[in-house]
Amino acid sequence: MEALFAERLKLSPLAETAIALLNADPSLGLVLTARPGPLRDRFVETLCACPRWHGARHLARRDLGPAAFGADRLGSLVPMPENAGTETPAPRSLAPARPMGRTAGGHRAAPLILAGVDRCTVADAAGLLGQIGDGHPILALDESLGDDALPSNLADRLGLWLDLSAPDAGAIEDADGFGDDLACLAPAVPSGPVDPLSVHVPEPMIDTICEAAAAFGIASLRAPLLALCAARASAVCAGRERVEDEDVLLACRLVLAPRATRAPVAGEPETGESEEPGRDETEDASPQTSPDETQSAQEKRQSAANDSRSDPEESPEGGETSDADHRSEIATEDVAIPIDLLQKLAAMVRGNQKQAGGHGRRGAGAKTKPGASRGRPLGSRPGHPRNGPLDLSATLTAALPWQRFRKRLFERLSDRAVILMPDDLRIRRLEARRETATIFLVDASGSAALARLTQAKGAVERILAECYKRRDRVAMASFRGTGAETLLPETRSLTRARKALAGLAAGGGTPLAAGLERAGDLARASEGQGRTPLIVVLTDGKANVALDGVAGRSAAWEDARRKAEGLRSDGFASLVIDLASRPGQHARDLTQSLGGRYLALPAHDDGAVLADAVAADPTKKARP
Amino acid sequence: MKRQFPFTAIVGQSELTSALKLAAIDPGIGGVLAFGDRGTGKSTAVRGLAAVLPPLKANDCPYRCDPARADAFCPVCAAELEAGRKPKIVTVPVPVVDMPLGSSEDRITGGLDLEHALLTGERRFEPGLLAKANRGFLYIDEINLLEDHLVDLLLDVAASGENVVEREGLSLRHPARFVLVGSGNPEEGELRPQLLDRFGLSVTVTTPNDVKTRIAVVKARDRFERDPSAFLDECEAAERALRDQLEAARARLDAVNVSDRILEQAAQLCISLGTDGLRAELTLVRAARALASLRGESEVGFPHLAELAPSALAHRLRRNPLEESGSGARIERALAELDAA
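In order, the protein sequences belong to chains A and B. Sequential numbering from 1 applies to the first sequence in UniProt numbering. Sequential numbering from 1 applies to the second sequence in UniProt numbering.
This list has only true hints and no planted wrong ones.
Have a look at the derived ranges for each label pair, beta carbon to beta carbon:
no.: 1; chain 1: A; residue 1: GLY528; chain 2: B; residue 2: ASP244; range: 52 to 58 Å
no.: 2; chain 1: B; residue 1: PRO93; chain 2: A; residue 2: PRO202; range: 35 to 41 Å
no.: 3; chain 1: B; residue 1: ALA216; chain 2: A; residue 2: PRO38; range: 45 to 51 Å
If you want the footprint, here are the derived chain B segments under chain A, 3+ residues with CB under 8 Å:
no.: 4; stretch: 35-45
no.: 5; stretch: 96-106
no.: 6; stretch: 114-124
no.: 7; stretch: 215-224
Every beta carbon over 12 Å from chain A, so not counted as near; a handful from chain B, in silico:
no.: 8; residue: THR8
no.: 9; residue: SER14
no.: 10; residue: THR17
no.: 11; residue: PRO67
no.: 12; residue: VAL76
no.: 13; residue: ARG85
no.: 14; residue: ARG240
no.: 15; residue: GLU264
no.: 16; residue: ALA267
no.: 17; residue: GLN268
no.: 18; residue: GLY277
no.: 19; residue: GLU337
no.: 20; residue: ALA340
Hints are computed from structural coordinates only; laboratory data are not their basis. Glycine included, every Cβ here is placed at the ideal spot set by N, Cα and C.
Using the sequences provided together with the hints, build the complete structure.
Here it is, written out as structure tokens:
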């Protein structure tokens with residue numbers, strides 16, 4: 001039993017490698033996606049045992065809020081923001097300032113371990129990054145498991161992205177022939193303090209990394225730079241003085257592959273970008289299957305793709321022709337690049353595909369909240385008024401019990417009415433208003449399309465305009481055929497919403513249950529981030545495909561009813577807009593199951609009715 | 001102090017760098033907004049800018065008052081002047097101040113120095129970020145995520161050139177003239193139109209699509225990180241040349257002639273595009289003058305207007321939030337019409 005447990009807790013070779021890289025170059029940073037649990041603790045323990053991560057500081061989510069950041073929690077450790085600090089006196093915290101970060105002039109940086117990053121906003125992360133500057137060693141613990149929620153600015157700056165929950169990484173490695181590289185790397189610990197920057201990188205290697213980043217569809221130029229750092233660190237680990245192919249491969253695997261927004265497809269030039277997102281979404285559309293099943297399905301597909309591949313040397317990308325030209329050009333020029341590199345890369349990203357699809361659209365998952373400097377008061381807490389409004393009465397209350405004592409202690413001040421100490425200061429805590437997120441679920445089935453999908457699109461646009469006025473966030477999903485897909489993860493960008501809507505194709509059956517399930521997923525994710533979701537379903541309610549993809553009216557309706565009641569019991573507010581040309585009982589039944597509001601799509605385009613429906617804020621009557 | 005990647009070594013992004021140069025030549029243009037993808041060098045450009053700016057002559061006070069403008073002295077310098085002393089003049093680098101997103105209002109405007117008050121019982125004003133940015137640049141990354149009331153505050157101060165503090169029993173005003181530089185990623189949230197209008201120039205920064213440029217960027221950055229001093233030495237000549245160029249352009253600025261014809265064309269352009277208010281024309285003409293000055297020309301011509309029209313006007317056009325087509329096309333069309341006329 002013990003042995004079995006120990007076996008379960010063994011870190012995968014990839015994780016071991018990541019630790020070795022982080023030890024060689026702490027400033028790389030790591031996003032660790034894993035549930036809190038013994039395996040993650042094991043990873044963090046192992047990392048902290050490394051000499052350069054020793055004494056890492058743990059920060060919890062509540063330490064990350066913009067208000068908490070001003071000075072108190074980090075103030076004692078972090079100097080003022082670089083530029084702002086040029087002419088300021090040292091931070092006035094009472095503890096002595098200790099410089100952090102590689103940039104702070106040779107001092108050893110105190111690495112940070114951030115828990116619950118997935119719940120932190122872009123603004124929070126920006127506050128943190130502003131304080132510590134780029135290149136600070138950070139281990140970010142992402143507990144969202146692919147819910148697309150990490151603040152994009154932080155994620156973009158962290159080099160390695162590792163998913164501990166990825167099923168059986170070993171199997172994929174063997175299949176790809178990576179096992180060997182990792183085996184020789186894992187036990188290697190740098191023998192001395194070698195500076196990764198002293199490692200020589202041949203120019204073609206840099207080209208390869210940039211190529212790979214472009215092939216993965218990674219827009220940010222930080223990614224190839226971080227990959228370069230990772231390759232250097234890998235060379236240091238292996239005790240080499242120049243970067244070799246396997247270092248680049250490892251860097252691509254840990255830095256580039258998880259960020260990929262598309263798979264570099266070898267030998268299938270007709271598979272353009274247009275088809276790629278579709279594939280991602282079919283993966284996403286099967287959330288019910290267990291991870292293992294999904295994985296094996298992916299692997300099967302992978303091997304099938306490998307078999308069907310006729311010419312492995314062909315340019316791996318079918319998207320922009322200009323890119324493809326460049327690649328083939330360089331591939332012929334530089335003999336140093338292993339010919340199968342891009343092919344391996346393609347395999348790599350498929351292994352990660354579910355994750356890749358998610359991370360690629362991460363930019364959209366960011367959220368803003370009004371912050372804690374406005375809102376409803378929630379009592380007060382000790383703190384510096386720089387971080388919030390001063391609560392005078394609480395401050396005085398805190399100071400009063402000490403007055404007699406202080407008057408004796410500070411004789412010079414004994415003629416004062418009250419002697420205040422910095423510790424007495426209390427600031428008001430404010431609760432920010434919860435934001436609303438409107439989740440559209442559009443029925444794109446044949447029946448709805450025939451009736452009035454174009455009008456439905458118009459209706460959605462009307463509501464979108466209303467959301468824009470209210471600064472709401474929107475997400476969009478649709479269902480047709482046998483499943484549902486997320487057209488747009490939650491975003492505040494109306495432009496994107498409009499594009500997603502314009503690209504909506506229609507036809508096929510009506511898998512209402514699958515659609516409701518998808519909407520529920522989106523709503524729960526949104527609620528997890530502290531927003532109030534509102535589900536707007538546009539459908540005729542004539543479900544005819546059940547959850548398992550089998551056609552049949554009664555089973556389909558039964559599933560849909562069950563899902564709808566599930567949403568109702570979760571307390572989500574909803575609005576059903578009936579798309580049927582003759583508004584009928586189906587959509588009304590659905591509304592009843594959802595416990596929401598019903599609205600027949602106005603026969604002629606009556607925007608005012610729709611706008612009113614949303615403006616009336618159905619969220620208010622939602623909670624039972 | 002941390003060394004910044006040199007401004008002149010930035011590969012590509014010419015629109016952004018030239019907008020920043022123009023703002024450095026004529027701070028009256030009113031700020032630069034850079035919207036674009038992550039990791040495209042927005043912050044790098046702004047932070048690198050500090051090094052190429054010609055140093056300032058300033059009074060030795062917390063606000064770096066301009067010795068030539070006695071009417072806009074801060075309370076410290078005004079008191080000195082009243083006492084009959086001449087403020088000491090020093091040469092200081094142009095401040096480029098980073099404003100972290102989490103900054104609170106009194107950190108920005110300055111406020112009561114609480115610890116001082118508690119320890120000594122005296123009220124003392126503690127200057128905030130606005131004071132630090134006086135006569136320089138104030139840079140806000142992710143400005144679209146900044147709380148609206150803070151953005152309002154910043155823009156008000158930027159427009160009036162003066163920070164007025166009336167809080168906690170303090171009453172004080174000090175000069176705060178700075179160029180506001182904002183950057184952000186529009187996919188994460190949009191900036192309200194009324195705020196957009198306050199920025200002089202707005203540029204869209206995109207990731208270079210061609211692989212060769214990307215490779216060049218990565219190589220340059222990598223060389224910088226491995227050996228910053230060698231890299232900076234290499235760029236020193238270019239940096240100095242740019243500094244001289246900016247200084248010369250600034251000196252020449254007032255001498256650049258703007259003919260009535262150009263003013264008329266600018267006005268026609270704005271009318272045909274239907275921009276609100278007159279800020280569009282003013283910015284366009286100012287920017288065109290700065291551009292002519294940068295290029296060493298003595299007269300603003302139509303090409304200058306045409307070149308700057310997209311960045312000066314695109315963000316001011318009335319736009320349906322859901323409208324698909326960019327404003328760039330509309331500006332092109334208006335320019336073509338104007339050129340033909």
